[in-house]
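Okay, so the sequence shown: first residue is 75 according to my numbering, each after it adds one.
In case anyone wonders, no lab produced these hints; they're calculated from the structure. Small disclaimer: the values here were computed from a predicted structure and weren't measured. Heads up, some of the hints might be wrong.
Unchecked claim - Capping the alpha-carbon separation at 20 angstroms, the derived lysine to aspartate or glutamate pairs in DMTMM-like fashion look like this: (1) Lys-247 - Glu-261; (2) Lys-373 - Asp-221; (3) Lys-247 - Glu-334; (4) Lys-133 - Asp-159; (5) Lys-353 - Asp-123; (6) Lys-218 - Asp-358; (7) Lys-386 - Asp-221; (8) Lys-247 - Asp-174; (9) Lys-377 - Asp-354; (10) Lys-218 - Glu-334; (11) Lys-247 - Glu-205; (12) Lys-386 - Glu-285; (13) Lys-181 - Asp-159; (14) Lys-137 - Glu-111.
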Amino acid sequence: MLAIHPNARTTPAVRAEIARSPEPSGVLAQRFGVSTETIRKWRKRGPADCQDRSARPHKLPWKASAAERAVVCALRRATGFPLDDLTFIVSHFLPHLNRDAVYRILKAAGLNRLTPADRTRKPHSAFKEDEVGFVHLDVTPLPKLQDRDGVTRKRSLYVAIDRASRFVHLAVKDDEMAASAIAFLEEALAALPFRVTQVLTDRGSCFTADEFETACRRHGVEHRTTRPYTPRTNSMVERFNDRVQREVLSITLYSHQDLETLLAGFTAAYNGRRQRVLKDRSPDLVLRERLRAKPELAKPVTKPPDPEALPKALQMVAAAKEV
């Protein structure tokens, strides 16, 4: 691929023609619309060197001395700290080195990427085995659709998924406020056929509000939140949101009522679908096995699912395919 500067006035073919031409520099400059200095430059290089050269300096000035760079590299090898932590430590005795300077030092020494053996952080591991009742909650925006009153607007999808059985419950709400999150929590507690003991959420404003914390305590549910910038902690529900995006939201729909019907059928199908992570068992089957082994985890009264949810959703999918 040719390396030509985006503001270049000539091409390699024109430059080669300039280098071979015996005409005066002023004539060539007028013909090609460039200065005489440009003509002399390409004549000096010759027809074999007509590409733009890199403007990067051959030697970059260092903000740190050789001894200071050696200290930073030794500290990185000894501790294995990430860049931000290393910069925080270095700034105490080398205050003129900022984060960019430390990164340049590490990159020049080949230490900008640590091997797994050098890392001091614990490696990511799978979820530990929990009993039924540890539920992941999340909220994700839905596309703009027509509401019952004929107004086109966005709504939000709330998801609850049990960590042990992958049993899910979905609901569509008007917004991502604390009142909607509390309403969904109460709906999930009524619909899930087991006692919810813990809920895990991200640090969204609807889940960190005092009202939501109060609702969790009122129902005897322990509320946990993920650490900042660690979405992998709540990855189970995040991956389920991706599944909803692929399998539900890819279907052409015209109203939120159709979407709610389709989501209800999708929930029933998902809970009855065999999954590889559950050793080819469905969430329904795993849940029955868990509750049979520990009956104290089951709820005496549970809101039964709609038996017509899946047939209605299949009819809507067939109609969408015809369209």
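Quick rundown of the hints versus the structure:
A hinted pair counts as satisfied when its Cα atoms are at most 20 angstroms apart, and Lys-247 with Glu-261 qualifies at roughly 12 angstroms. For the given pair, Lys-373 sits about 35 angstroms from Asp-221 by alpha-carbon distance, which is inconsistent with the 20 angstroms threshold. Taken as a hint, the Lys-247 and Glu-334 pair is honoured in the structure, with Cα atoms around 10 angstroms apart against an allowance of 20 angstroms. Only pairs whose Cα atoms come within 20 angstroms are accepted, and Lys-133 paired with Asp-159 is rejected, the gap being roughly 28 angstroms.
Taken as a hint, the Lys-353 and Asp-123 pair is broken in the structure, with Cα atoms around 64 angstroms apart against an allowance of 20 angstroms. Of the pairs offered as hints, the one joining Lys-218 and Asp-358 is violated, with about 32 angstroms between alpha carbons and a cut-off of 20 angstroms exceeded. For the hint pairing Lys-386 with Asp-221, the CA-to-CA distance comes to about 19 angstroms; that is within 20 angstroms, so the pair holds. About 44 angstroms separates the Cα atoms of Lys-247 and Asp-174, which puts this hinted pair outside 20 angstroms; it is violated.
The straight-line distance between the Cα atoms of Lys-377 and Asp-354 is roughly 27 angstroms, outside the 20 angstroms bound, and the hint therefore fails. A C-alpha spacing of about 13 angstroms is found between Lys-218 and Glu-334, which places the hinted pair at or below 20 angstroms, so the restraint holds. Taking the CA atoms of Lys-247 and Glu-205, the gap is about 29 angstroms. The hint is violated against a cut of 20 angstroms. Only pairs whose Cα atoms come within 20 angstroms are accepted, and Lys-386 paired with Glu-285 is rejected, the gap being roughly 36 angstroms.
Between Lys-181 and Asp-159 the alpha-carbon distance is near 16 angstroms, which keeps this suggested pair within the 20 angstroms criterion. The suggested pairing of Lys-137 with Glu-111 is violated, with an alpha-carbon distance near 35 angstroms, which exceeds 20 angstroms.
In summary, the numbered hints that this structure violates are 2, 4, 5, 6, 8, 9, 11, 12 and 14.
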